[in-house]
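Colleague: Residue numbers (our numbering): 10 to 383.
Rather than coming from a laboratory, the hints here were simulated on the basis of the structure. Predicted, not measured: the structure shown is a model, and the values here were computed from it. Watch out, some of these pointers could steer you wrong.
[Stated by the list, open to error] Only pairs whose alpha carbons sit at most 35 angstroms apart, straight line, appear in this in silico DSBU-like list of lysine-lysine: (1) Lys-339 - Lys-373; (2) Lys-358 - Lys-133; (3) Lys-14 - Lys-335; (4) Lys-380 - Lys-15; (5) Lys-11 - Lys-335; (6) Lys-339 - Lys-137; (7) Lys-108 - Lys-141; (8) Lys-145 - Lys-298; (9) Lys-332 - Lys-380; (10) Lys-321 - Lys-259; (11) Lys-339 - Lys-380; (12) Lys-43 - Lys-204.
[As the list claims (entries may be wrong)] Cβ-Cβ distance ranges computed for the label pairs, FRET-style: (13) His-67 - Phe-365: 56 to 62 angstroms; (14) Met-195 - Phe-365: 33 to 39 angstroms; (15) Ile-45 - Trp-353: 42 to 48 angstroms; (16) Lys-233 - Ile-371: 50 to 56 angstroms; (17) Lys-233 - Thr-268: 40 to 46 angstroms; (18) Asp-28 - Asp-213: 40 to 46 angstroms; (19) Asn-48 - Asn-196: 23 to 29 angstroms; (20) Gly-261 - Trp-47: 23 to 29 angstroms; (21) Asp-20 - Glu-40: 17 to 23 angstroms; (22) Gly-24 - Met-195: 15 to 21 angstroms; (23) Gly-24 - Asp-209: 21 to 27 angstroms; (24) Glu-350 - Tyr-68: 49 to 55 angstroms; (25) Asp-28 - His-67: 49 to 55 angstroms.
For each residue, glycine too, the CB sits at the ideal point set by N, CA and C.
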Amino acid sequence: MKFCKKCVMPDTRPGIVFDAEGVCHACRVAEQRKNIDWNKRFKELEKLCDKYRGKNGHYYDCIIAVSGGKDSHYQVYVMKELMHMNPLLVNVNNFSWTKTGLYNFNNMSETFGCDIISLHLNKKMARKFLWKALVKMGSPTWYWDKAVYVFPIRMGINFNIPLIIYGENISYEYGGFQTKETYSAMNQINNDVVKAVDWDYWLDDDITMKDLNTVIYPTQEEIKEAEINPIYLSYFVKWDGYKNMELAKKYGFKSLGDTGEWEREGFIEDYDQIDAFGYLVHPWLKYPKYGHARATDVASYWIRTGRITREKGIELVKEHDHKLDKRALKDFLDFVGHTEEEFWQVIDKFWNRDLFEKINGIWKLKNPIWKQKQ
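From just these sequences and the hints, can you work out the full model?
Modeller: Printed below as a string of structure tokens:
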């Protein structure tokens, strides 16, 4: 494994690119964004909103895809309070909420005065799908994540609301397959969060095409006819997850630290991805496959934004990155109806033998960042 010279991201992250100086694309993007004329970008957003505001009379002006988290609060704040739009919020419901997450979700609607349409996925089928996705590709939340991308577009078509607001372009800003910045989120479905596979990959006696309606992406003809225009808000405003959290707290958002509900293993913050328990098995699965997990993601982001040094980032990664939260795992297994023994039997095949070696029954990184010459 090789690591970025500025942050702590390894070259095993899918789609990541290092330049000749050994610096990852995400770090270069962070440098470039310091030179952006944000006032100009903000005016572009105002002009875009002018085009859609009141287009449907007293009807909704736009759709905002939300989870209820800090970034959702920020998105609604910008579009409702600053842009004076009338947004419809759409959400794919969690299989199991944290109390903190459910509070934040309800707070967002009550504080900003917005309607929400929430999709409750078929739990009977989801249990089968999540386990099958874990066994086949090591990505248990494929079904849920796909719905997150499909549902806002489908609602835009069904309700004739062309403008759809997403938060940040994770593939561009965090290092991925998209290396050019764009405000359009039309290709978001291809950012590799949800692997592209043929439907036959999933079909069996338990899962049929009728079960997949909520994750079938609209056709290009449907999207074109409805003039759907999905955008990344992070293109138009100076996006910073930590500052989003600070603003969200002014409008009632609470972190896990505020509520004391859950001290998570493997995480170095208490305010991101806090709405569900079992979902967090998914980001941890990057660790056996790619040698890094959530602590690496957050530490790298903090380094880029100047909140910590690279040396501190390495310490955080060493202490936290390998840990799978016990409460998250229990919640996931309770939902899918399998045992912890069955889980670890499945995971064993996903440990990347090029990156890990088994020592006394424990998989350990062969060449972690803290053992490399800095």
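Colleague: Run every hint past the structure and note whether it holds.
Modeller: Hints and how they fare:
no.: 1; hint: Lys-339 - Lys-373; in the structure: holds (23 angstroms)
no.: 2; hint: Lys-358 - Lys-133; in the structure: holds (27 angstroms)
no.: 3; hint: Lys-14 - Lys-335; in the structure: holds (33 angstroms)
no.: 4; hint: Lys-380 - Lys-15; in the structure: holds (16 angstroms)
no.: 5; hint: Lys-11 - Lys-335; in the structure: holds (30 angstroms)
no.: 6; hint: Lys-339 - Lys-137; in the structure: holds (17 angstroms)
no.: 7; hint: Lys-108 - Lys-141; in the structure: holds (28 angstroms)
no.: 8; hint: Lys-145 - Lys-298; in the structure: holds (13 angstroms)
no.: 9; hint: Lys-332 - Lys-380; in the structure: holds (19 angstroms)
no.: 10; hint: Lys-321 - Lys-259; in the structure: holds (29 angstroms)
no.: 11; hint: Lys-339 - Lys-380; in the structure: holds (32 angstroms)
no.: 12; hint: Lys-43 - Lys-204; in the structure: holds (32 angstroms)
no.: 13; hint: His-67 - Phe-365: 56 to 62 angstroms; in the structure: holds (58 angstroms)
no.: 14; hint: Met-195 - Phe-365: 33 to 39 angstroms; in the structure: holds (38 angstroms)
no.: 15; hint: Ile-45 - Trp-353: 42 to 48 angstroms; in the structure: holds (46 angstroms)
no.: 16; hint: Lys-233 - Ile-371: 50 to 56 angstroms; in the structure: holds (53 angstroms)
no.: 17; hint: Lys-233 - Thr-268: 40 to 46 angstroms; in the structure: holds (45 angstroms)
no.: 18; hint: Asp-28 - Asp-213: 40 to 46 angstroms; in the structure: holds (45 angstroms)
no.: 19; hint: Asn-48 - Asn-196: 23 to 29 angstroms; in the structure: holds (27 angstroms)
no.: 20; hint: Gly-261 - Trp-47: 23 to 29 angstroms; in the structure: holds (26 angstroms)
no.: 21; hint: Asp-20 - Glu-40: 17 to 23 angstroms; in the structure: holds (19 angstroms)
no.: 22; hint: Gly-24 - Met-195: 15 to 21 angstroms; in the structure: holds (18 angstroms)
no.: 23; hint: Gly-24 - Asp-209: 21 to 27 angstroms; in the structure: holds (25 angstroms)
no.: 24; hint: Glu-350 - Tyr-68: 49 to 55 angstroms; in the structure: holds (53 angstroms)
no.: 25; hint: Asp-28 - His-67: 49 to 55 angstroms; in the structure: holds (51 angstroms)
Of the numbered hints stated above, none is contradicted by the structure.
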